[in-house]
Each structure stands twice: as structure tokens, then as C-alpha cells.
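Construct the complete structure from the given sequences, taking the supplied hints into account.
In order, the protein sequence lines correspond to chains A and B.
First residue of the first sequence? That's 104 in the working numbering, and the numbers climb one at a time after it.
First residue of the second sequence? That's 22 in the working numbering, and the numbers climb one at a time after it.
I should point out that these hints are in silico values taken from the structure, not numbers from a laboratory.
Some hints here could point you the wrong way.
As the list claims (entries may be wrong) - Here are the computed distance ranges between Cβ atoms for each label pair:
#  : chain 1 : residue 1 : chain 2 : residue 2 : range
1  : A       : Arg-130   : B       : Asn-79    : 43 to 53 Å
2  : A       : Arg-108   : B       : Ser-74    : 51 to 61 Å
3  : A       : Lys-135   : B       : Asn-93    : 53 to 63 Å
4  : A       : Arg-130   : B       : Lys-34    : 14 to 24 Å
5  : B       : Lys-112   : A       : Lys-155   : 34 to 44 Å
6  : B       : Glu-29    : A       : Ser-127   : 42 to 52 Å
7  : B       : Glu-29    : A       : Gln-173   : 41 to 51 Å
8  : A       : Ile-181   : B       : Lys-163   : 22 to 32 Å
9  : A       : Ile-181   : B       : Thr-24    : 41 to 51 Å
10 : A       : Gly-154   : B       : Ile-33    : 48 to 58 Å
11 : B       : Asn-183   : A       : Lys-135   : 51 to 61 Å
To be verified - In silico lysine to any residue, SDA-like type, Cα no more than 25 Å apart, as pairs:
#  : chain 1 : residue 1 : chain 2 : residue 2
12 : A       : Lys-183   : B       : Gly-30
13 : B       : Lys-66    : A       : Arg-108
14 : B       : Lys-163   : A       : Lys-186
15 : B       : Lys-163   : A       : Ser-127
16 : A       : Lys-186   : B       : Leu-161
No experiment lies behind these values; they were computed from the predicted model shown.
Virtual Cβ for every residue (Gly too), placed ideally from N, Cα, C.
Here are the chains, one letter per residue:
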Amino acid sequence: MLHIRCPHCGMRSQNEFAYGGDASVKRPELNKEISDLEWDNFVYLRKSLRGKHLELWQHISGCRQWFKVQRDTSTHEIFKTIKANEDI
Amino acid sequence: MTTISALEGVHIKGLFGDYVGKNEKNLLSLSENKDLLIIQIVKYKNSLTSIASIQIDNLNLENETLNVSCNNDTRILWNGPNSWLLISTKKKLLKEIIEKFDENNFAVTNLSHSRAIIELEGENVKEVLKKGCPYNFNDLNKNNCLNSTFNGMSVTIDLLDNNPNKARILTLRSFGESLYHSITDSCLEFGYKSI
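Right under this line is the structure:
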């Protein structure tokens with residue numbers, strides 16, 4: 104079982120969290136003209152990294168807040184957790 | 022009008038589990054809490070208003086993890102950043118809450134009828150909770166609260182006292198029966214008195 108440090112609540116069990124996908128994906132700017140390919144890439148195209156990965160998680164059974172986790176996908180080591188509006 | 026409690030027909034009074042030969046005073050006691058005012062207060066993300074000057078029943082809203090602001094009648098549980106759960110025996114507080122938390126800055130939701138509440142008291146309360154909840158209860162002190170899961174069900178646990186331990190476990194009303202059976206199963210090992 105993983106233990107994840109929620110930036111708001113502290114160290115908690117993985118059972119309380121839900122994975123929310125890649126946190127490095129940036130949504131295209133509002134009102135900007137984009138091609139179907141760019142939109143398709145934003146919605147579907149994801150890297151499948153082996154190593155350090157920035158992820159979104161939600162503390163769904165706790166404070167219900169979204170936050171970012173920097174995790175190694177091969178060892179599951181968690182390096183850092185930060186609030187959703189912060190950058191590493 | 023009489024309200025139908027969340028555990029009506031489920032909560033059975035008596036002695037259960039491994040109680041034989043034990044002093045009744047040392048057994049866990051389990052009861053249902055009902056007729057409480059439960060209000061969720063959420064400050065909107067873009068609100069610039071300060072919560073420091075707002076008091077309900079002479080209690081401040083603290084934005085601090087695990088924190089419970091309390092007096093004899095009312096407890097204000099920290100639920101998350103800018104989110105609190107107020108639990109009180111004073112039903113008339115509702116009017117005061119609506120007046121003090123303006124709808125432009127706060128979402129106030131009355132959850133009084135949507136929660137099942139089980140109260141556990143005794144030396145082994147934390148041992149019972151550890152069976153279904155992954156939180157490290159050795160770190161939980163009096164007047165601390167947390168949101169977590171108990172056998173997969175989302176719960177709010179409020180530690181009212183620590184001598185002996187006394188905890189209030191809140192869950193969605195629809196989970197009430199399942200939670201009751203989970204909790205009572207966990208209590209069997211120690212023996213419990215259902216009151």
C-alpha cells in the first residue's frame with residue numbers, strides 16, 4: 104500500500120485517494136483557434152513514462168482537494184506533493 | 022413530528038460479542054446519535070471575505086487540519102480547506118448560521134437528515150477503528166477529526182474524548198446500515214454494550 108502526503112491533511116493511505124492522470128498536460132488556451140490534431144493530442148495523447156512523473160491525485164475520501172504528486176512510475180517512490188495551483 | 026432515525030430497526034440494544042465475565046463498565050458502548058443539527062459550510066474559492074470575524078455559538082472556524090472548535094453543544098469540524106462541518110444539539114443555530122454566512126461568499130447546506138451517526142465509547146475504540154480505517158489512530162487526539170474510509174465507506178470520525186476514548190462516526194445515511202454492521206462486527210472481539 105502506498106502512503107501519500109496530502110498537502111492539506113498530511114500522510115494518508117492510498118485508499119483515500121483517486122488517481123487523476125498526467126499533471127503535465129496543459130489545456131489549450133481559451134478562445135484560441137486550435138486544430139483537430141492539437142485537440143486530439145490534448146484529450147488522448149499521453150506519455151507512458153518509466154521514471155519521474157507528475158500526476159494529479161484527488162483526496163477523495165478526505166479533504167476532496169486535487170493536488171500534484173511527483174512519483175517514480177517504476178519504484179512508486181513519491182518525491183514531492185504540492186497543491187494543484189503550485190508548480191514544482 | 023417524530024423523525025425516523027437512520028438506524029431505525031437496525032440498532033439493537035443489548036450485550037453482544039465477547040462480554041461474558043467482563044465488567045460491564047469496561048465494555049465498549051455503542052449508541053446512535055440522532056436529532057443533531059449538521060451543517061456543511063464551504064467558503065467559495067474566489068471569496069475575499071475573512072472568516073476570522075465570524076463566530077457561531079462563540080466558536081471560530083479554524084482553517085487547520087484535524088481541528089475541531091467545540092463547546093458543550095456545538096462542534097465545528099475542519100473538513101478541508103475552507104470547508105467545515107458544524108454539528109450541534111442546538112437546532113436554533115440554523116437561523117444564526119444563515120444570517121452570518123452570506124450566500125455570495127458561502128455555501129451552507131443542511132445535512133441533518135442525510136447522515137447516520139454512531140457513537141463509540143471505551144478503551145478499545147481506536148482498536149475498533151483501526152480494523153477498517155487506514156489512518157494511524159495513535160496520532161489522533163481529543164478534539165481531532167478526520168475524513169477517511171471504513172471498509173470502503175467514506176466516514177468522518179470525530180474524537181470527542183480520550184479518557185476513555187469516545188468517537189463519533191458519521192457516514193451517509195444510505196451507508197448507515199452497512200457501517201453499523203461493519204462497526205459491530207469489529208466490536209465483537211472486545212464485547213460491546215449497545216445502548
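Against the structure shown, which of the earlier numbered hints fail to hold, in ascending order? 2, 4, 5, 12, 14 and 15
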